[in-house]
Amino acid sequence: MKSAKNHAIAQKTIVYIILIIIALLMLIPFLWMFSAAIKSDREVFQMQPFVFIPENAKWNNYLDIWTKIPFAKFVGNTVFLTIVVTCLQLLTSSFAAYSFAKLEFKHRNGLFFAYIATIAMPWQVYMVPQFIMMRKFGLNDKLLAIICLQAFSAFGVFMMKQFYEGIPNELCEAARVDGMSEYKIYGSIMLPLSKPALSTLTIFTFVNTWNDYLGPLIYLKTETKKTIQLGLKMFISQYSSDYGLIMAGSVLSLIPVLIVFLILQRYFVEGVASTGLKG
Amino acid sequence: MADQASAVTKKKGLSRQTKRDLVAYSFIAPNFIGFAVFTLIPIVFAFALAFLNWDGSNPITFAGFDNFKQLFSDTFFKAALKNTIIYCVGTVPLTMIASLALAIVLNQKVIGRGVFRTLSFFPYVASLVAVTAVWKMLFHPSKGPINNILYTYFKVPLEELPQWFSGGLVLLSMVLFSVWKYMGYYMVIYLAGLQGISSELYEAASLDGAGTWAKFRYITWPQLQSTTFFVVVMLTINCFKVYDIAIMLAGGGSGELTTSATVLVYYIYQKAFMEWKLGYSSAVAMVLFVLVFVVTMIQFRGQKKYAE
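Taken in sequence, the protein lines are chains V and D.
Each residue of the first sequence is one higher than the last, beginning at 1 in this note's numbering.
Each residue of the second sequence is one higher than the last, beginning at 1001 in this note's numbering.
Excised from the complex, chain V in its bound form (with noise of 0.2 Å):
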């Protein structure tokens, strides 16, 4: 009995220094970058001793990075591209997906498939032929690329048409016999019904628009237009030396990502997870 007791608390013991490993793993990278962006260029890499935090530390590293770059120009960039780009995906894939669970028209079902043939066609595939049409269209070195490119993917209407299929039909057709419109059911009972499948998908597309960094590179040409990833990568490779600045935009740059994620966090987990089980 006392043993069995023992062998219960060592293996106990191994779960936690496994976790407090992966932990410290996951976590150096991150504590290596708050530290390094108040550090000097003659700190950062000293090691004997290491110190987290700098006598003399630079927190004007953090002032001076919105001067030394366009940085302020490349938020407002990715701010204005990530919300536009969530909104539109958020209101057209909800939309589009109450037709498709709830209504029976022509054609339904062929239209849906040209939406499933296409989710695991890679973009990556039809990028260059997609910049050749935008360009046409005249969009090239236009936010509004960008937007066009990440807004109506096929991911959102398949996620949220198997969000409202587990709604019960009931729920419709009372309403239609009540004399609601269509848009008044989706609007007034199947968008507040959804919140949970809209936050999965709010944080899955905000992450994505805001970590886009092959979108932009091939369309965002002028400076004033890019986004933080590229103006981040364009300080690297400008100033590669300059660790302390590249650290404090990194930081910054990981800011609003984090916050949402914190906030969302729960609809991240069962999002990814749903996706798990249905393979």
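To be clear, the hints were calculated from the coordinates, so they are not data collected in a lab.
Note that the structure is a prediction, hence the values are computed from the model and not measured.
Any given hint could be a false lead.
As the list claims (entries may be wrong) - A few chain V residues that face chain D, going by a derived Cβ cut-off under 8 Å, partial list only:
1) Ala36
2) Phe155
3) Met180
4) Glu182
5) Ile246
Where is the CB? At the ideal position from N, CA and C, for every residue including glycine.
Position chain D relative to chain V; hints supplied.
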């Protein structure tokens, strides 16, 4: 007169069904139009482009299979394909094992489970540019703390310190980085799978005197088969699409990659936007498509199998 009346009723009857269709279409239209213009048409265009020669401005000429034939003798393409596959072969099993292990540990009753789960997600949501900048510092060949530790504590001679971001090691660095960045994501999928396993199975096994390893070997692993299958498929597809990680970790000042670090998507980008060989670029894209398509087909067949 009679004709007119029947026409009216006919019109009325039609309009009812048509009205319903129109309402339905009005819901779909905003998304579908955007989707058709910016996704469907470019996809069709991509398939056609692979059989054409075009530089984006001069007249288009028909190429037949020339672009594909050229691929076979293109050493840079072969390097890109080889590197992409090596990267997959390294990343997929390691990420799978790491995320499964993490999920099993986090599935125990431990204090601060939620905090650990949140932490393991940080790398996934953090932007690539920021975290790769940190990795490049940590693994800096001459000044970074990793090589510093190797030098000070493991007595690795100065000239033998690993060059993490060039030559043969760059793919290893990419793999290690990807495992770090993505294990939290797949951990959640595994966690959902683990929670689906009935606790009675474990209780029965305990009564039979099964140890930790036996429980994993005969209950957890077989019960997680469909989850593992899904994780492996997702990971493989995502690995084929790798681009940013290579650019950020191994790219030169203007974002160029050498043969030791080049990947398929980089070559698509390079051929199209640097050399304007759109047809040839699309032929490379078709290779990427075929790779992803084959894996997706395997997934469909597997899904059927696990559904039964």
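Evaluated hints:
{"no.": "1", "hint": "Ala36", "verdict": "holds (7 Å)"}
{"no.": "2", "hint": "Phe155", "verdict": "violated (11 Å)"}
{"no.": "3", "hint": "Met180", "verdict": "violated (12 Å)"}
{"no.": "4", "hint": "Glu182", "verdict": "holds (5 Å)"}
{"no.": "5", "hint": "Ile246", "verdict": "holds (6 Å)"}
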